[in-house]
Amino acid sequence: MPKNKKELYNKKGVIAGIVIFAFIAALPFLINLGKAAPAPELVLTSKAKEAKECVRSKEFIKREHMQLLDEWRDTVVRDAKRIYVNPQGKEFNMSLSNTCLDCHSNKTDFCDRCHDYASVSPYCWDCHIDNPKEMKR
Amino acid sequence: MKSSSRRSFLKIAGLAALGIGAGPTIKAFGTIGGHGALQPEASFKKGEKAMEAKQWAMVVDTRKIKSEADIRPMVEACHQIHNVPDQPIDRHAIKWIWPEEFHNAFPGLQSQFISEKIENTSFPVLCNHCENPPCVRVCPTKATFKREEDGIVMMDMHRCIGCRFCMAACPFGARSFNFRDPEPFIKNVNKEYPRRMKGVVEKCNFCAERLAVGKLPACVEASNGILTFGNLYDPQSEVRKLIREHNTIRRKIHLGTKPTIYYII
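Protein chains in written order, with our numbering: chain G, 1 to 137; chain Y, 1 to 265.
One thing to keep in mind: the hints can contain errors.
Derived BS3-like pairs: lysine-lysine, alpha-carbon spacing no greater than 25 Å straight-line [to be verified]:
#1 191(Y) / 107(G)
#2 258(Y) / 142(Y)
#3 90(G) / 215(Y)
#4 90(G) / 46(Y)
#5 146(Y) / 198(Y)
#6 81(G) / 49(Y)
#7 54(Y) / 81(G)
#8 142(Y) / 45(Y)
#9 107(G) / 62(G)
#10 81(G) / 191(Y)
#11 187(Y) / 107(G)
#12 146(Y) / 81(G)
#13 198(Y) / 107(G)
#14 47(G) / 191(Y)
#15 81(G) / 142(Y)
#16 81(G) / 45(Y)
#17 45(Y) / 58(G)
#18 81(G) / 215(Y)
#19 191(Y) / 49(G)
#20 258(Y) / 146(Y)
#21 90(G) / 45(Y)
#22 107(G) / 52(G)
#23 241(Y) / 49(Y)
#24 52(G) / 45(Y)
#25 62(G) / 27(Y)
#26 252(Y) / 66(Y)
#27 252(Y) / 64(Y)
#28 49(Y) / 90(G)
#29 47(G) / 58(G)
#30 45(Y) / 146(Y)
#31 81(G) / 46(Y)
#32 90(G) / 58(G)
#33 64(Y) / 117(Y)
Calculated from the structure, these hints are not laboratory results.
Okay, chain Y solo, but in the shape it has when bound (with noise of 0.2 Å):
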């Protein structure tokens, strides 16, 4: 009698705990996708001025360039607008679009002799937005992406972890990472676009933001000429033009990363 009655009081208290447990859980599972549910007439849609392309590219002609006073207004324009802080140490800077001299540009091209133009100009170099980009390919989160609409490589601030895997991968240096927080270093922020914070990473984002209102990206704006965008796969864009019609070369084409940056020498 007495084993007996253990043995169902075991029962019961085993049945009230299942039946305890099934309930959220069966109220859990009829919410699945309940957000959706909730929200069934919403939706979403491009700009009517949005600017679209198979592949974004950029042609920079370097020929234009004089110095690096040139390339300033490029640099200054995509760091304002972005509130890309302006880092006192050099180790901790963030750089979405920079002069770099022919031989760190483009190593491996330089000759043992030179023009001497080319010695002394500096080149703007930025994120390529390779069509191969090995960036993407390590990415253990899915922050950085090449995204399927316009080709350009995006980053999703909210997903990175800071791991620095893709910073490791890019063969171009195009990335860099947030070591302090970035608030103190923005001189003139731009409330408009968000800034980021400490431990993330960042790079050119061909100014997604100003193509899906119909702008032109702000460095190709402020270049005087030098820099040319348009797309990649329309055979008559600007880019396909100048392209076609100049001898163009790109960086470190060798790792087949593709890039979309060329560059009239």
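So here's chain G without its partners, still in its complex pose (with noise of 0.2 Å):
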């Protein structure tokens, strides 16, 4: 055998397994190929459509209202503050329960959707109280 000739053992079944490697592990995204999950769509209390906005507009609320909850919660617990003077100059409750729950009380249509599409689970409602008639546990 020349000395620099380099040559792989076992070709055959070296690539055949190659190959099936790929295969196995591509085959979660073949699988769902082309079924992305459509975005959710929320549905909003009578309530809430009456409203107009939440507390921030929409986007805020999209994008920080776990951030803005946190705030609210140290604000409320440790500062002893519990109004919220939004942009507008409107006044709020800084409260889970009595303010955003009160407005949003369809957490399966509402709050679960986003979550479930995100993939994330909070565990707000393990205290923060829902409509009890929706508690899925």
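Take the two lone chains and join them into the complex the hints point to.
As structure tokens, then:
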């Protein structure tokens, strides 16, 4: 055997193995090809519709509602300030239970849809009580 | 030639890795404090009716307590509005305010012979909202803290990790641990107040949520005049008036926690 020649041993088996591996690895992508889940559509309660705008703009709430709630909690519990004044000058009681969930009382058709889509499972409702009829646990 | 090409390859690879890493890092630095920047005009304030005090305190006029039945309405009012579960097993019990006998509430103060009335009466006990709270000192997560605003020893349930150091530190047994999920044991749910989850400690919060809207604590309202609530550092307040006019005792003052619940005996 010439010294410099490099040879793949068990060529057939190795190449077949690589092909099979690549196929299996790609299988989840192949199966889900063209089946992207559509963006969730949210159902607003009549109360939420009537209010027209949330405490902040829709875009802000979509992107930042978790940070907003975090800030609200700290301000209420630690600084004893419970009123939120939004940029439009409108005042809100900073309360997930009494402000957010009062309008958005339809957890399964509102909160859950996006959370499921984004595959996150926040545990807000363990303590902040939603409509008990919708409890699925 | 061969070794120098390896060298230059490694150099380029290193630079490339640096470049890939640098992008997100610079971006992340750019957004620090971004949440504040995104909501520049929003602000927070207290409610107009919010009651304020340097240190809230309570006076219990035990002369008005005829039997334990006089304390029960306070317990029920408190536990109802705060979604305190009624755990069937005693060692799982959650208590924010509860009746206690004299020798348990005031150990060390009981003489060998004691007035029949005191021996047979129950005393309402709750978190003392100490001015020097040991529970706050031991909390590793700052989930419980002494609020500067009004002296209430508050809890941030989101931060409680359930280590129960505070329960060991509190000399008044004012803290309870949720050994079980409280949900099935809450009879009449008050949707306006959150409940708790398994694995957190809870206790009386001096009705901070009611004070914020100008209401007296629920137990005070339900107490039929037995409890008086007010600012400890306002010489004109109701509590200070009662403390001035009557001889009062507090629980375990020798421990130096400076409790703010006063009992007229």
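Hint check:
no.: 1; hint: 191(Y) / 107(G); in the structure: 14 Å, holds
no.: 2; hint: 258(Y) / 142(Y); in the structure: 20 Å, holds
no.: 3; hint: 90(G) / 215(Y); in the structure: 24 Å, holds
no.: 4; hint: 90(G) / 46(Y); in the structure: 14 Å, holds
no.: 5; hint: 146(Y) / 198(Y); in the structure: 24 Å, holds
no.: 6; hint: 81(G) / 49(Y); in the structure: 12 Å, holds
no.: 7; hint: 54(Y) / 81(G); in the structure: 15 Å, holds
no.: 8; hint: 142(Y) / 45(Y); in the structure: 23 Å, holds
no.: 9; hint: 107(G) / 62(G); in the structure: 16 Å, holds
no.: 10; hint: 81(G) / 191(Y); in the structure: 21 Å, holds
no.: 11; hint: 187(Y) / 107(G); in the structure: 22 Å, holds
no.: 12; hint: 146(Y) / 81(G); in the structure: 15 Å, holds
no.: 13; hint: 198(Y) / 107(G); in the structure: 22 Å, holds
no.: 14; hint: 47(G) / 191(Y); in the structure: 17 Å, holds
no.: 15; hint: 81(G) / 142(Y); in the structure: 19 Å, holds
no.: 16; hint: 81(G) / 45(Y); in the structure: 5 Å, holds
no.: 17; hint: 45(Y) / 58(G); in the structure: 23 Å, holds
no.: 18; hint: 81(G) / 215(Y); in the structure: 15 Å, holds
no.: 19; hint: 191(Y) / 49(G); in the structure: 22 Å, holds
no.: 20; hint: 258(Y) / 146(Y); in the structure: 13 Å, holds
no.: 21; hint: 90(G) / 45(Y); in the structure: 12 Å, holds
no.: 22; hint: 107(G) / 52(G); in the structure: 19 Å, holds
no.: 23; hint: 241(Y) / 49(Y); in the structure: 24 Å, holds
no.: 24; hint: 52(G) / 45(Y); in the structure: 24 Å, holds
no.: 25; hint: 62(G) / 27(Y); in the structure: 21 Å, holds
no.: 26; hint: 252(Y) / 66(Y); in the structure: 24 Å, holds
no.: 27; hint: 252(Y) / 64(Y); in the structure: 22 Å, holds
no.: 28; hint: 49(Y) / 90(G); in the structure: 17 Å, holds
no.: 29; hint: 47(G) / 58(G); in the structure: 16 Å, holds
no.: 30; hint: 45(Y) / 146(Y); in the structure: 20 Å, holds
no.: 31; hint: 81(G) / 46(Y); in the structure: 4 Å, holds
no.: 32; hint: 90(G) / 58(G); in the structure: 16 Å, holds
no.: 33; hint: 64(Y) / 117(Y); in the structure: 11 Å, holds
Of the numbered hints listed earlier, not one is contradicted by the structure.
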